[in-house]
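**Q** Order-wise, the sequence lines are chains A and B.
Under my numbering, the residue at position 402 of the first sequence is numbered 402, and the numbers go up by one with no gaps.
Under my numbering, the residue at position 396 of the second sequence is numbered 823, and the numbers go up by one with no gaps.
Take these hints with a grain of salt, some might be off.
List of simulated lysine to any residue pairs, SDA-like, C-alpha gap at most 25 Å [claimed, not checked]: (1) A:Lys236 / B:Asn714; (2) B:Lys663 / A:Glu242; (3) A:Lys252 / B:Met796; (4) A:Lys236 / B:Ala670; (5) B:Lys679 / A:Pro331; (6) B:Lys679 / A:Lys252; (7) B:Lys663 / B:Gln776; (8) B:Lys679 / A:Pro344; (9) B:Lys645 / A:Ser395.
It should be emphasised that the hints constitute simulated quantities derived from the structure, not laboratory data.
Computed from a predicted model, the values in this text were never measured in an experiment.
Protein chains: 2
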Amino acid sequence: MSMTEHQSLTQVDQSARPSNFVNHERLNARLSEMAKIGATPGGGVNRAALTPEDAKAQLQLARWATDLGLFVTRDAIGNLFLRLEGTQPELLPVLSGSHIDSQPTGGKFDGIYGVIAALEAVQAIVESGCAVSRSVEVVAWVNEEGSRFAPSMMGSGVYAVLRSLDAALHLVDAEGVSVKAALQQLEPLFTSIPMRPMGLPIYRYIEAHIEQGPVLEKDGLEIGVVTGIQGKHTYKVTVTGEAAHAGTAPHKTRKDALLAAAGMVTALATELCDAQDITRFTVGRLNVYPNAPSVVPQEVVFSVDLRHPDRELLEQLSALVPEVCNRMAAPCSAHVERLYTAAPIEFDQRLQQNIEAAARDLGMTYRFMLSAAGHDAGPIQSKYPAGMIFVPSVSGITHNEAELTHPRDLTNGTQVLANVLWSLSME
Amino acid sequence: MSMTEHQSLTQVDQSARPSNFVNHERLNARLSEMAKIGATPGGGVNRAALTPEDAKAQLQLARWATDLGLFVTRDAIGNLFLRLEGTQPELLPVLSGSHIDSQPTGGKFDGIYGVIAALEAVQAIVESGCAVSRSVEVVAWVNEEGSRFAPSMMGSGVYAVLRSLDAALHLVDAEGVSVKAALQQLEPLFTSIPMRPMGLPIYRYIEAHIEQGPVLEKDGLEIGVVTGIQGKHTYKVTVTGEAAHAGTAPHKTRKDALLAAAGMVTALATELCDAQDITRFTVGRLNVYPNAPSVVPQEVVFSVDLRHPDRELLEQLSALVPEVCNRMAAPCSAHVERLYTAAPIEFDQRLQQNIEAAARDLGMTYRFMLSAAGHDAGPIQSKYPAGMIFVPSVSGITHNEAELTHPRDLTNGTQVLANVLWSLSME
């Protein structure tokens, strides 16, 4: 970001900045209202994609938007858009939002915060009296979690043409219900909302989200400027040995699958690391068969979760997984299967600077940081410049009914978002 | 064994030796008859201690013994005795037998072979016309397996005063039924069998048993002269770390319980071994919590099974278990709990020589060998001189419906047993 651009943001009348019109009570009241939809006894939410709860939340959002004078539309995969028309509607719009769906025992902030924050930011822009050149659209991407219809980030993935609409419509849930059938069943609820074409081009995309990690809280910071999403490869390693009697079988003839697996885990941990502690290597699941105290293990199956922000380094480290497992397998054998590949994503540099400048102008503390988890901004970044704003998660707890972000932090993130959206809308 | 003793065995008329009267067909027919009692669809037996099946097998044994003119008695814990009266009944008797009970999906030979072989050996002595000075008693020890009433070797343990009769009577099964109640329920079936005092002193005890391991088959040998039973210590190791997100938690702050456990398993395997491959160290069970691919393991619980024939070395090796686990625990913590302690048992030297001489005289191939598993001869050896004869197990399979010993091998063991019992009865 050049000095000129920075100054264009700071030179406006400070009192008229949209951030001043972010309404702390309204933001938190809307989040509380949303938390009632699919509320769980444990204080979280269960709002799976394309269920009546998901639709109910979309319709609530549409009502708030309509009251504010926004134009509400949907697309064929179920993404919902709330448009503040700019003075130059022919320009590509600025988008901001996140998702409404949750994990089965999800928290009250994951996803929905980014949607409500975007609505609040747009409302703050409206109430500030600042005109916008580009239209600003709030978006609620459908099925980010992937907990009902796998894989995740379905709505944003189809929007960014990372996957075909047709393939997405044919995904089925555990009961065999397709996305298409689920959409059709909810259709009567949405008759008053006009459809729009899939994947209309956009200018920029900004997503506010809770961090879902402990970094901001630990560092005592208010805002995370997200630089990207680290890449992730996962593996399933099967170690095959031979069952034998713990009392009789001599060690020189044993094929102990657990002993081989222990060697692999240790060697992988030693080799898949770096001095800067950037590489993330985890064996989180390990199962032994037959798992009896007096039987030499016949088979061990374990997971490998490997993450790194650098695409090339991730590939290099990932190639070590089968290499190390095979090297450490004797006298057993190892079968290494890649389950999942997500390349690292780097968010638009200038948007990172925009977010940093907005936080600094508001006197907030911030840091640049990677996202460990995937977000809708990932697929969007593959086609358009995108950026993300993180707010602190208490104890980093997420995908959990105990998920919490303090109201003050929710408002901080929304203030940064409001100013960034406004400044982008003027470009 | 001195040459004189050896010659006393070989100098008898070869044609009159009891081994010549061991009836191959009768031995195998009786084993087949016993296999029908508690037979499982998979070709094995399920004959838990003090069940109607166990009693039915005892009563069948008592009928065969009565037909042969043996005197049948029981004791207060349910051990059954079949006595061939010697010409000098005031001398301590020679005992031989094993157990009738089985694992839930047990084989047709484990235990019952030693009982039927002892009956056949006594019958061969009777039919050979060789008089016996000492009485010879066949014994069926109750509840060797311990699968219904834990712990195992109950009847022989009480007999040898390793545990109190009262404590044994108060053991309960999974349904809460006590040994005492189970005995009382079966009592009406045994009204015709007189009771005898607990733990009458004996002269020698010899037990024939299937090897339950692969050694004799691998070496192509017919008879195992058992030198002792290796000692066994078992542990439960709990490694406590801290759950964390696989994507966000830096490695330097992690407390990965699986990584620590893998280090312990590897270090234990390295330190609990010896050049002669005598030490038996096994981690057969290992459970990870929460066992999710994207969660750094919070806790790992694993078993340690350690066996060695030398008491002092076993103690030394065993002391390394908590030492190594604690040394390898950081940054987690380890809790190491000893679950089971069985000291090594060394069988009577002269009885080993008696068995060796009998096998050699019969032209059978044999070797001295340790037993990896516990047997009733163990408790008995703690009070009286005891010995064991092993016959080969096909592929070493045991505690399994597929358990098999070839009929020829069953007969070989019985022939050795018959000659050893006869020679002891003349001492």
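**Q** If a hint holds in the structure, say so; if it doesn't, say that too.
**A** Here is what the structure says about each hint:
| no. | hint | in the structure |
| --- | --- | --- |
| 1 | A:Lys236 / B:Asn714 | holds, 17 Å |
| 2 | B:Lys663 / A:Glu242 | holds, 23 Å |
| 3 | A:Lys252 / B:Met796 | holds, 18 Å |
| 4 | A:Lys236 / B:Ala670 | holds, 21 Å |
| 5 | B:Lys679 / A:Pro331 | violated, 32 Å |
| 6 | B:Lys679 / A:Lys252 | violated, 37 Å |
| 7 | B:Lys663 / B:Gln776 | violated, 35 Å |
| 8 | B:Lys679 / A:Pro344 | holds, 22 Å |
| 9 | B:Lys645 / A:Ser395 | violated, 59 Å |
Hints 5, 6, 7, 9 from the earlier list are contradicted by this structure; the remaining hints agree with it.
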